[in-house]
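All chains, please: the whole structure from these sequences, using the hints.
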Amino acid sequence: MDNFDNKILKVLKDDSRFTAEQVADIVGLSAKDVQKRIKDMEDAGIIAKYTALCNTEKLSEDIVTALIEVKVTPQMSSGFDAIARDVYQFEEVKAVYLMSGAYDLCITVEGKNLREVSRFVSEKLSTMRDIISTATHFILKKYKTEGVILDDEDIEQQRQVIL
Amino acid sequence: MNYEKYLSKTVMEIPPSGIRKFFDVADKDKEVISLGVGEPDFNTPWCASEAGIKSIQKGMTHYTSNSGLPALREQIAKYLKARFDVEYEAEKEIFITVGASEAIYLALRAILNDGDEVIVPEPSYVSYCPSVIMCGGKAVPAKCYVEDEFRLTAKNLEEAITPKTKALILPYPNNPTGAIMPRKSLEEIAKVVKKHDILVLSDEIYCEMTYGGARHTSFAEIEGMKERTVLINGFSKAFAMTGWRVGYACAPNEIFKQMLKIHQYIIMCASTNSQYAALSALKGGFEDDFAEIKAMVDEYDMRRRFLVKRLNGMGLTCFEPKGAFYVFPCVKCTGMNGEEFANKLLQESKVAVVPGNAFGESGKDFVRISYAYSLSSLKKAMDKIEEFVKKYKKN
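First to last, the sequence lines map onto chains E and U.
Per my numbering, the very first residue in the first sequence carries number 1156; after that it's consecutive.
Per my numbering, the very first residue in the second sequence carries number 81; after that it's consecutive.
Check each hint, because a few of them may be wrong.
[As the list claims (entries may be wrong)] DSBU-like mimics (lysine-lysine), calculated; alpha carbons at most 35 Å apart, straight line:
#1 K341(U) with K1168(E)
#2 K363(U) with K341(U)
#3 K1204(E) with K363(U)
#4 K108(U) with K1299(E)
#5 K108(U) with K1296(E)
#6 K1194(E) with K464(U)
#7 K1165(E) with K108(U)
#8 K460(U) with K1194(E)
#9 K1297(E) with K1226(E)
#10 K389(U) with K337(U)
[What the hints assert, rightly or not] Have a look at the derived ranges for each label pair, beta carbon to beta carbon:
#11 E167(U) with S1185(E): 41 to 47 Å
#12 K110(U) with Q1244(E): 44 to 50 Å
#13 T1206(E) with M92(U): 55 to 61 Å
[As the list claims (entries may be wrong)] Partner residues are not named here, just some residues of chain U that face chain E (Cβ under 10 Å, in silico):
#14 V117
#15 E119
#16 E307
#17 Q338
#18 I342
#19 E379
#20 D381
#21 M382
#22 R383
#23 R385
#24 F386
#25 K389
#26 E428
#27 S456
#28 K459
Don't read these hints as lab results, they were simulated from the structure.
C-beta atoms are modelled at their ideal positions from N, C-alpha and C, and glycine is treated no differently.
Here it is, written out as structure tokens:
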């Protein structure tokens, strides 16, 4: 990865619908070169996925998201990896992070409603071997996610046209 | 009451800015994508904002010396030396103003007698001509052409000079064209300046915004020119500090003294808290070798390349600007002039650009597009402009 790759990523992370030709103009390379670099980054898993960022507040179906703090007993040879792998197999689990500090794993879980998420925690998660304890925090409102402000009340500062 | 008899003739004769009305319409409509603003979309470096806040908390809410904080003037001297290789004495040659605009006005006020002529390259920033008029002078345009990449040429300058010429305003990197003046061009201008014994007000507010490896050369650095130059600069563009209103003027001591006198009587001093913020912006800059400016310029450069390519691709020819954060495409291919184009584009496609005639008669076939906007908003706007141009383009 060099500076050009970083610039390409910067553009695509903001808006992945820029075409390779447009990205090429922006970063100052040929379209062919940019296509190759993007492909290489896809193949290497640097670009993991192209996706749409949804404002869940505006979706017609309700989605409940919870952050769950998990304490686990690390295992002899694999440390936290084995348990993390067991956890991320579940479809309900959207993110799994190993944390420093008071607990070990931070898990994001999505479900249709409170009951669904609660059942996942009580029936699937907390019953797993090596899991010592869980603390579930439901997200009440998302003001900003992935660097995007979702708050309709956000007062955008008026930029004056002064020549 | 007939106010006309009470009001200043000079002031009344200055035409109001036609652009205001246009953007009052554009600003009210939330759907409109505006490409009109002339200020950075980046935040002021946090260290500067924090220093401003702290100065209030510490009760530093009184006047500074008329010429500004000594520490700030020292830092400016250091900055100009480090970044542009020009040397000014902090105490006798540099003072802090309320934005570069004040500095321009003070310079003109300090040098002009009634009837003196000032040469203003065209197209250029809207406030030069009115300022000249308010100071009793006469603004004489020196037209710049796209064929010369909107540089002021020695020939065009020479043609504008008369026995009454007192000074030249040299606004590069240029708003609205994005033109820069490389050293060689400046040297040619310097010869004419010397030959006709005139002064130069060099407005270098966009000095940090240059692209494609070309660093800005200050006119004061050209041999023999410092003694006849008033260098005008500020923090608005380089440090994204437009609202703080901090600029500065650097001038030979004899001119400095007269300018400072006016500043002292009409302004007292620039805002104290803004001066502390500016001081911290410079100190922070020296700490990381002005990395924040570099990151900002890199980002502008990406947008600049995108716009130049898109605009030329759709037939709005534009030369590659090497400075500031504007592109200045020609809209002739649509059969419209800049003003008609801007009005129609606003009505039909809800994109606001600035008609080129706002910057002087010679800009009439152009529009100014600012790229102080995110790439994704620029992309949206370009898609709309492309559709619009397709509809009206004449073969």
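To see whether the hints hold, each was checked on the structure:
1. K341(U) with K1168(E): violated (53 Å)
2. K363(U) with K341(U): holds (29 Å)
3. K1204(E) with K363(U): Violated. K1204(E) to K363(U) sits at ~41 Å, over the 35 Å cutoff.
4. K108(U) with K1299(E): Satisfied, since the Cα-Cα distance of roughly 26 Å is no more than 35 Å.
5. K108(U) with K1296(E): holds (30 Å)
6. K1194(E) with K464(U): With Cα atoms ~30 Å apart, K1194(E) and K464(U) stay inside 35 Å; holds.
7. K1165(E) with K108(U): holds (32 Å)
8. K460(U) with K1194(E): holds (25 Å)
9. K1297(E) with K1226(E): Within the cut-off at roughly 26 Å; holds.
10. K389(U) with K337(U): violated (48 Å)
11. E167(U) with S1185(E): 41 to 47 Å: holds (44 Å)
12. K110(U) with Q1244(E): 44 to 50 Å: holds (46 Å)
13. T1206(E) with M92(U): 55 to 61 Å: holds (60 Å)
14. V117: Hint on V117(U): holds, closest Cβ of chain E at ~5 Å, below 10 Å.
15. E119: This hint holds: E119(U) lies near chain E, its Cβ roughly 7 Å from the closest one there, short of 10 Å.
16. E307: Violated, because the Cβ-Cβ distance from E307(U) to chain E comes to roughly 32 Å (cut-off 10 Å).
17. Q338: violated (28 Å)
18. I342: violated (23 Å)
19. E379: holds (9 Å)
20. D381: holds (8 Å)
21. M382: holds (5 Å)
22. R383: The hint holds - R383(U) has a Cβ within 10 Å of chain E, the shortest such distance being about 8 Å.
23. R385: Since chain E brings a Cβ to about 5 Å from R385(U), closer than 10 Å, the hint holds.
24. F386: Since the shortest Cβ distance to chain E is 5 Å, the answer is holds.
25. K389: Hint holds; K389(U) Cβ to chain E Cβ min 4 Å, cut 10 Å.
26. E428: violated (20 Å)
27. S456: Constraint on S456(U) satisfied, holds at 4 Å.
28. K459: This hint holds: K459(U) lies near chain E, its Cβ roughly 7 Å from the closest one there, short of 10 Å.
When held up to the earlier numbered hints, the structure conflicts with 1, 3, 10, 16, 17, 18, 26 and fits the remainder.
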